[in-house]
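Make a model of the complete structure from these sequences and hints.
Next come the chains, spelled out residue by residue.
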Amino acid sequence: MMLLEVVAATKHFGRLAAVRDVSLAVPQGELRAVIGPNGAGKTTFFNLISGLFPPTAGRVVFDGRDVTGMPAHARVMLGMARTFQITEIFPELSVRENVRVGAEVAAGFRLRPWISRAEGAELQRRIEETLSLAGLANKADRLVGELAHGDQRAAEIAMALALRPRLLLLDEPTAGMGDQETYEITQLIRGLHRDGKLTIVLIEHDMRVVFHLADRITVLDQGKLLAEGTPQEIAVNDAVQAAYLGKAA
Amino acid sequence: MTGGEGACKLIALGAIWAALLLAPYWMPPLGGYTALGTRVLVLGLAAMSVNFLLGFTGVLSFGHAAYFGLGAYGAGLALKFLAPSTPLSLICGMLVGGIAGAILGALIVRRRGVYFAMVTIAFGQVFYYIAFQWSSVTGGDDGLRGFSRRPLDFGAFSIDILSNAESFYYFVLFCFALAAAAMGFVLRSPFGRTMIAIRENERRARFLGIPVERHIWIAFTLSCFFIGFAGALYALLNNFADPKGLHYSQSGDFVIMAVMGGMRSFWGPLLGAAVFVILQDYLSSITVNWMSFIGLLFVFVVLFFPRGLLGAIRRKVQA
Chain A
0 MMLLEVVAAT KHFGRLAAVR DVSLAVPQGE LRAVIGPNGA GKTTFFNLIS
50 GLFPPTAGRV VFDGRDVTGM PAHARVMLGM ARTFQITEIF PELSVRENVR
100 VGAEVAAGFR LRPWISRAEG AELQRRIEET LSLAGLANKA DRLVGELAHG
150 DQRAAEIAMA LALRPRLLLL DEPTAGMGDQ ETYEITQLIR GLHRDGKLTI
200 VLIEHDMRVV FHLADRITVL DQGKLLAEGT PQEIAVNDAV QAAYLGKAA
Chain B
0 MTGGEGACKL IALGAIWAAL LLAPYWMPPL GGYTALGTRV LVLGLAAMSV
50 NFLLGFTGVL SFGHAAYFGL GAYGAGLALK FLAPSTPLSL ICGMLVGGIA
100 GAILGALIVR RRGVYFAMVT IAFGQVFYYI AFQWSSVTGG DDGLRGFSRR
150 PLDFGAFSID ILSNAESFYY FVLFCFALAA AAMGFVLRSP FGRTMIAIRE
200 NERRARFLGI PVERHIWIAF TLSCFFIGFA GALYALLNNF ADPKGLHYSQ
250 SGDFVIMAVM GGMRSFWGPL LGAAVFVILQ DYLSSITVNW MSFIGLLFVF
300 VVLFFPRGLL GAIRRKVQA
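Heads up: the sequence lines are chains A and B, in that order. If you count the first sequence from 1, position 120 lands on 119 in numbering that gives the first Met the number 0, and the numbers rise without skipping. If you count the second sequence from 1, position 15 lands on 14 in numbering that gives the first Met the number 0, and the numbers rise without skipping.
As a list, the in silico EDC-like pairs of lysine to aspartate or glutamate whose alpha-carbon atoms are at most 20 Å apart: (1) A:Lys-138 with B:Glu-4; (2) A:Lys-196 with A:Glu-128; (3) A:Lys-223 with A:Glu-4; (4) B:Lys-8 with A:Glu-91; (5) A:Lys-138 with A:Glu-127; (6) B:Lys-79 with B:Asp-152; (7) B:Lys-8 with A:Asp-140; (8) A:Lys-196 with A:Glu-4; (9) A:Lys-138 with A:Glu-180.
Just a few of them, taken from the derived set where beta-carbon distance is under 8 Å, the chain B residues facing chain A: (10) Ser-188; (11) Pro-189; (12) Phe-190; (13) Thr-193; (14) Ala-196; (15) Glu-199; (16) Asn-200; (17) Arg-202; (18) Arg-205; (19) Leu-207; (20) Gly-208; (21) Ile-209; (22) Pro-210.
If we take Cβ atoms under 10 Å as the criterion, some of the chain B residues that face chain A in the derived model are: (23) Phe-184; (24) Ile-195; (25) Ala-204; (26) His-214; (27) Ile-217.
Please keep in mind that the hints were generated in silico from the structure rather than gathered at the bench. Think of the CB as a built atom: it goes at the ideal place given N, C-alpha and C, for glycine as much as any other residue.
Structure follows, in C-alpha cells:
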C-alpha cells in the first residue's frame, strides 16, 4: 500500500507554473529522494504535499485518505511531519522545550490546562528518547538559537520526530553543512529509515547523500517530472545528466 | 534551570508579593497614597492582560482598551441596574469584556502584524463611539455615574471597601492575585507552550500540528476576560465608567506599560504600570504636558533597554 500518493499535482503562481502535472507514489518504508536543478519546483512540490498551500490542480493522498484540501496542522496530526530548507525552530527556547512542544501536540495535550504526573513522566521519557536519537542529549538545555547550524538542523529533525510521524519530509537536511555535520545528519536519517522503518521523502542537493540514502529517486526539472528510478537507473539516465549539465536532452 | 536561578526567581517572587502586601504601609511615607497603589494594581493587571497576547503569543492588540472599558461599563451597569453586589459586578464586567473579545476575536485572528493591530483599533473605536453616543444607557461623554462599590457581605460580617481605602486595596490585591495566578497557570500549561511556540515561529508551530488561528483566538479571548476583569475593578475604583477608558489612546497606554516594563517577563507590565501611574500622578500635578515626559522615558527605555525595565534589572542581577 502506498503511504503517500501525489496525483498529477500542478501549482501556478500567477502565470508561473512552478509544478506541472507531477505524480509520485511512495510505499510504506521507502526512502525517496527528490532532486533537480535550482528552480525545478522541489520545494513547491513539498509545500503541496505538506499543505502550506493547496495545489492548483491534482490530488494528494496520504495513507489512502485524500488530504488535498486539508490544512497543514491537520496533516501533521495524521502523521506527516516536515522540516524546512531554512531552519524553522523556536530560537529563544531550549532544545528540550522545542522538542516538548511537538511531543505534547502529538500526545494530544495541546489544549490541556494540565497533565497528570504519569502523563508527564511518559512525555519526559519520550522527549529524552527523541533528544538522544538526534544526538542532542548533551545540548538539551541550550537555547536552540545559540547552537551551531548543524545542531539547529538536527534540532528541527528532532522536533519533527517528536510528532511520531509516519512520513517524514526533509527539505535539504544537509543544506549549509560541513562534511562532518553532513555525515552525522546522513547517519541519523539512515538510522531512522533502516532501524526506525520510517518512510522518508527528502530533497537534497548533495549527490553523495542522495546516492548513499535513497531507495528511489525522483527527478524534477522546470516543474515537471523528468525521471524516476533506482539510484543506479538515475545515474545513467541521459535526460537527467542533460538537465544537470544544462544541455538540451 | 540551575538551582541558583530557581532560588533567584523565588526570592524575586517573594519580594514582589511582599511589596504588594505591604504597599499601604510603605507608600504613604514615600509620598504616595493607598488609592495610587490600587490604581497600579488595576492598570498593571490590564497591562499584563495585553502582554498575555503581546509578550507570550506575539500578537499586538492596539484595541484592548475596548474590552477594558466594556468591563468597566459592565460592572457599572450591573451595580446600577442589576443588583448592588460587588462580586456580581466584577463577574458581569469580566463576562462582557470576555464575550465581546471572543466574538470580535474570531473576526480578527486571521489578520497578522500591522493589519491585526489596525483591526483591533477599529473595533475598539466602534465601542468608544457607542459609549460616547448612547447617552441614555452609558451617560455619554459624562461617563456612567450613579453607582458605587458595595460592602463585601459575608453574612456574619461585612467588609467596608467603599470608604476604607486599605480594605479596598486588599480586596483589589486579592482579585489581582487570582487573575495573576490564572494567567500564570495558563502560561505554564501545554496550551501556554503552544502560545509561546506561535510567538517564536508561527510556521513551525503550524507544522507541529497546532491550529494557529484557533490558538490565537483562545489566547485573545482569555486576554479579554482578564482585561474585562481589570476594567470592572477600574469602575469599582473610580465609582465611575468613562468612555475614555475605551479609547485607543488608553490601549496605547497599556502597550506602553507592557513594553516599558518588559514584555518578555510576566511581571514586567506591572512594573511598567507602576512607573507610568506614579509618574503620571506626580507629573500631572506639575504640568499638563506630563505625557511628553512619559513619552521621553518610553523612547529612552526602548532604545537602551529593549527588554524593558524588568529585563534590564534581570540582566544586572545575572551579571
